Amino acid sequence: MKIAVLVKQVPDSTEITVDKNTGTLVRDGVPSIINPDDLAGLEAALALKDKDDSVEITVISMGPPQAKGMLQETIARGADHAVLLTDRRLGGADTCATSRTLAAALDKIGYDLIIAGRQAIDGDTAQVGPQTAERLNIPQVTYVDEIIELTPEYAVVRKALEDEEQILKVKLPAVLTTLSGMNKPRYMNCMDIVDSFNNPVQIMTYDDLVDILPQNEIGLAGSPTKVHRTFTKDVSAATETFDLPAQETAELIAKTLKDKQLITK
Amino acid sequence: MAKFPDYKDIYVFVEQKNGEPAEVGYELISEARKLVSTIPNMDYKVVGVLLGDNVKDKAEEVIAHGADKVIIVDDPLLKDYSTQFYADALTQIIKEFKPDSFLTGATVLGRDLAPRVAARINAGLTADATKIDIDQDKVADGEALLLVTRPTFGGNLFGTIVCPDTRPQMATIRPKVFDMAPIDETRTGEIIEFKPEWESTTPQVEIMETVAKALEGVDITKANILVGVGRGAEHSIETIKECAKELGGEVCATRAVVEDGFMDKDVQVGQTGKTVRPSLYIACGISGAVQHVAGMEKSDMIIAINRDPEAEIFKIANMGFVGNVDEVLPLLVEEIKKAKAA
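Protein chains in written order, with the numbering used here: chain A, 1 to 265; chain B, 1 to 342.
Calculated directly from the structure, the hints in this document are not laboratory data.
Just so we're clear, the structure is a prediction, and the values are computed from it rather than from any experiment.
For every residue, glycine included, the Cβ atom is placed at its ideal position computed from N, Cα and C.
It is possible that some hints are incorrect.
Cβ-to-Cβ under 7 angstroms is the rule here; a few derived chain A residues that face chain B [as the list claims (entries may be wrong)]:
#, residue
1, T86
2, S99
3, Q131
4, L168
5, F197
6, N198
7, N199
8, Y206
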């Protein structure tokens, strides 16, 4: 049973702050982490491997060269192989182009089951999983919070919806997208980290995919969505203290909230 | 010369469960009406798309909510949501009717379905948007280019996304960001029944069981707006709860208030409680002890109300108000209600 786990390296968004004077994002010194939903996906795969020796886990990430460190960590956690898909030509890809690239890599690497995090904390799109499934023409179950059973033919999973849960049986191969709350990722011990360097991260570039993936379908050129502009939330520059009668206080607070669109109907 | 002369109108996917349309579909239809009214010369229509089994009788309701036209697929295969059959039907509708834009609610269902369809037709899809405009500069060229704005980086940054070169322009939109217009039973519209050709009628995913989720307590770390109760606000807890409810937020508390038994431990903010970073934190009668501040200082905007002008909380608040919470809060609730009604 070959399980491919898709992961992304992301800035730890809980560490990102907005500079209240300039209104820009403070990114300096923000640590990079493995995306939480993806880490849950890796842990789910490792738990399946604990139960079944025949499970072989390959972790795949598309990103800049520095994502190699994160992938080395996935080997230390117990993955069998890790592949970094890195190439300047792949840069600037939206979810449409990213899913084409990942699908091409998955075609080369092989899979019986693909596990991806539901969404990344930097982009929050939740689109790469389903779009990869579509490119590979295989079924998907998104928002998975438990993998109940895995056989060579099918998986039984629990999907979390807004107000209910479904137990679904999905034919393999399939893509499952996982939620970070579904499990508690295991720790790595020192020896695992040392040993992991005997199993280096494999590098894949566009050259490895060029026979099945046209260049106009990747990177910025292959991305139908374009960023028109970005901006940060309005933040008050400084602290202001008011000493007003109660009615005026209430009016000023309500007006401020309304101006900042914090009062919605 | 328009770039995409064959593509026209704004389509909205009307999600339904057990035959009952979800509100988000009607919110999007209401917003689509506003959008088409900004481009009167283009004669765009708002089209609802309803997939399900025995949902024909809901078409009139979709029109009453603002659609000019409804496309219905009524088929037993569509009784429960299935990625496979819904994506097959929707793709065929898009190919047949050529929408200029296609909006879907950013629900669990919408975020499962829309990416799959977008990938199949290689259309651009913007996820989980909170604002849509039409680029008025492009209207003269015969183009209704959507400017779709969405939060990223956990809400710290906003991006406006466009899809200039592909059609339809697709987006999933967060529920409850747009108002639902009042129902107009007198509206009339066209109802079209569409019969897709199923590639396969064998389901790849089978629903074995559906269970209602056990109700859990509120998770204050996920709240966008928090109203915090400190010792100086212990007599106003009911009013504070009402205030939070009016703002669509939750109530949290300092350790002192939890230890006094007024609030539960799971809503305690601070070093020994939870860390929160909502868009808005209203600190009521909170002195601003470092242990509490550590858990909330990263909130995007902090408003503090405290009767002590020297309170530490005023040093970290964006706006501080010297006053008695017991007097200010009831007035604030009234002002918020007024603002919402306006």
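Self-check item: Enumerated hints in conflict with the structure, sorted upward
Solution: The structure breaks hints 1, 5, 6, 7 and 8; every other hint is satisfied.
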